[in-house]
Amino acid sequence: MTQAKPGDKLRLHYTGTLDDGTVFDTSEGRQPLEFTLGSGEVIPGLDSGVTGMAVGETRSVRVEPDEAYGEHDASRVQAVPLASVPDHIPTETGTQLQVQTSSGQVMNVTVAGRTESELMLDANHPLAGKALTFEVELVEIA
1159 MTQAKPGDKL RLHYTGTLDD GTVFDTSEGR QPLEFTLGSG EVIPGLDSGV
1209 TGMAVGETRS VRVEPDEAYG EHDASRVQAV PLASVPDHIP TETGTQLQVQ
1259 TSSGQVMNVT VAGRTESELM LDANHPLAGK ALTFEVELVE IA
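Numbering of the sequence shown is given in the numbering used here, commencing with residue 1159 and proceeding in unit increments.
By construction, these hints were calculated from the structure, which means they are not laboratory data.
Errors might be hidden in some of the hints.
Beta-carbon label-pair distances, calculated as ranges [what the hints assert, rightly or not]:
1) Thr1160 - Val1257: 44 to 54 Å
2) Met1159 - Ser1242: 54 to 64 Å
3) Asp1177 - Ser1261: 31 to 41 Å
4) Val1213 - Ser1242: 16 to 26 Å
5) Ser1233 - Gly1165: 35 to 45 Å
6) Ala1237 - Met1159: 48 to 58 Å
7) Gln1258 - Gly1214: 13 to 23 Å
8) Asp1245 - Glu1298: 29 to 39 Å
9) Pro1190 - Ser1233: 15 to 25 Å
10) Gly1262 - Pro1164: 48 to 58 Å
11) Glu1276 - Pro1164: 28 to 38 Å
Lysine to aspartate or glutamate pairs mimicking EDC-like chemistry, simulated, CA-CA at most 20 Å apart [as the list claims (entries may be wrong)]:
12) Lys1167 - Glu1215
13) Lys1163 - Glu1293
14) Lys1167 - Glu1276
15) Lys1167 - Glu1192
16) Lys1167 - Asp1280
17) Lys1288 - Asp1178
18) Lys1288 - Glu1192
19) Lys1288 - Glu1222
20) Lys1288 - Glu1215
21) Lys1167 - Glu1199
22) Lys1163 - Glu1199
23) Lys1288 - Glu1229
24) Lys1163 - Asp1183
25) Lys1288 - Asp1231
26) Lys1163 - Glu1215
27) Lys1167 - Glu1250
28) Lys1163 - Glu1295
29) Lys1288 - Asp1183
30) Lys1288 - Asp1224
31) Lys1163 - Glu1298
Heads up, the beta-carbon is just placed ideally off N, CA and C, and yes, glycines get one too.
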């Protein structure tokens, strides 16, 4: 039986959950996720967790933050004067925005909080600092 190895193109169905059971992503109702094993197209922990699987096999893969999106980095949370935020920009906690840095780079941020004078913007990945569990089924090895 063929087992998944680096360089193989894989197709798999998955459901990703957090420790509290919240589903953060799933392929349910969509085409299977397709990627080349070992190419860096998916987080390292998922890559290593599906290595060796056979077509039709299911597996639960737990990925710690250091093999997913890293630990939450407090230095990536910045306060921005609320007065500098245009009125049409939503400022509710949890809102995801795109901002442009002084060098012109576009960056995704999440509104982490708001005071009367400042907006706290978090440039960490929304799943940073979280352990992830994937229930996977390998559909195809190409």
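Verification of the hints:
1. Thr1160 - Val1257: 44 to 54 Å: Hint holds: Cβ distance 46 Å, inside 44 to 54 Å.
2. Met1159 - Ser1242: 54 to 64 Å: Once the Cβ atoms are compared, 60 Å apart, the range 54 to 64 Å for Ser1242 and Met1159 holds.
3. Asp1177 - Ser1261: 31 to 41 Å: 37 Å, holds
4. Val1213 - Ser1242: 16 to 26 Å: 54 Å, violated
5. Ser1233 - Gly1165: 35 to 45 Å: Since Ser1233 and Gly1165 have Cβ atoms about 37 Å apart, the given range 35 to 45 Å holds.
6. Ala1237 - Met1159: 48 to 58 Å: 55 Å, holds
7. Gln1258 - Gly1214: 13 to 23 Å: For Gln1258 and Gly1214 the Cβ distance comes to about 47 Å; the hint is violated.
8. Asp1245 - Glu1298: 29 to 39 Å: Hint violated: Cβ distance 50 Å, outside 29 to 39 Å.
9. Pro1190 - Ser1233: 15 to 25 Å: 37 Å, violated
10. Gly1262 - Pro1164: 48 to 58 Å: 36 Å, violated
11. Glu1276 - Pro1164: 28 to 38 Å: With a Cβ separation near 46 Å, Glu1276 and Pro1164 fall outside 28 to 38 Å, so the hint is violated.
12. Lys1167 - Glu1215: Since the Cα atoms of Lys1167 and Glu1215 sit roughly 16 Å apart, the hinted pair holds (cutoff 20 Å).
13. Lys1163 - Glu1293: Status holds; Cα separation ~19 Å.
14. Lys1167 - Glu1276: 47 Å, violated
15. Lys1167 - Glu1192: Cα-Cα ~7 Å, so holds.
16. Lys1167 - Asp1280: 34 Å, violated
17. Lys1288 - Asp1178: Roughly 11 Å between the alpha carbons, so the hint for Lys1288 and Asp1178 holds.
18. Lys1288 - Glu1192: 24 Å, violated
19. Lys1288 - Glu1222: Holds - the C-alpha atoms of Glu1222 and Lys1288 are around 7 Å apart, at most 20 Å.
20. Lys1288 - Glu1215: 26 Å, violated
21. Lys1167 - Glu1199: 11 Å, holds
22. Lys1163 - Glu1199: Measuring from Cα to Cα gives roughly 15 Å; hence the hint holds.
23. Lys1288 - Glu1229: Within the cut-off at roughly 8 Å; holds.
24. Lys1163 - Asp1183: 24 Å, violated
25. Lys1288 - Asp1231: 12 Å, holds
26. Lys1163 - Glu1215: Holds, at roughly 14 Å.
27. Lys1167 - Glu1250: 41 Å, violated
28. Lys1163 - Glu1295: 15 Å, holds
29. Lys1288 - Asp1183: 14 Å, holds
30. Lys1288 - Asp1224: Answer holds: Lys1288 to Asp1224 is near 9 Å, not above 20 Å.
31. Lys1163 - Glu1298: Measuring from Cα to Cα gives roughly 12 Å; hence the hint holds.
Hints 4, 7, 8, 9, 10, 11, 14, 16, 18, 20, 24, 27 from the earlier list are contradicted by this structure; the remaining hints agree with it.
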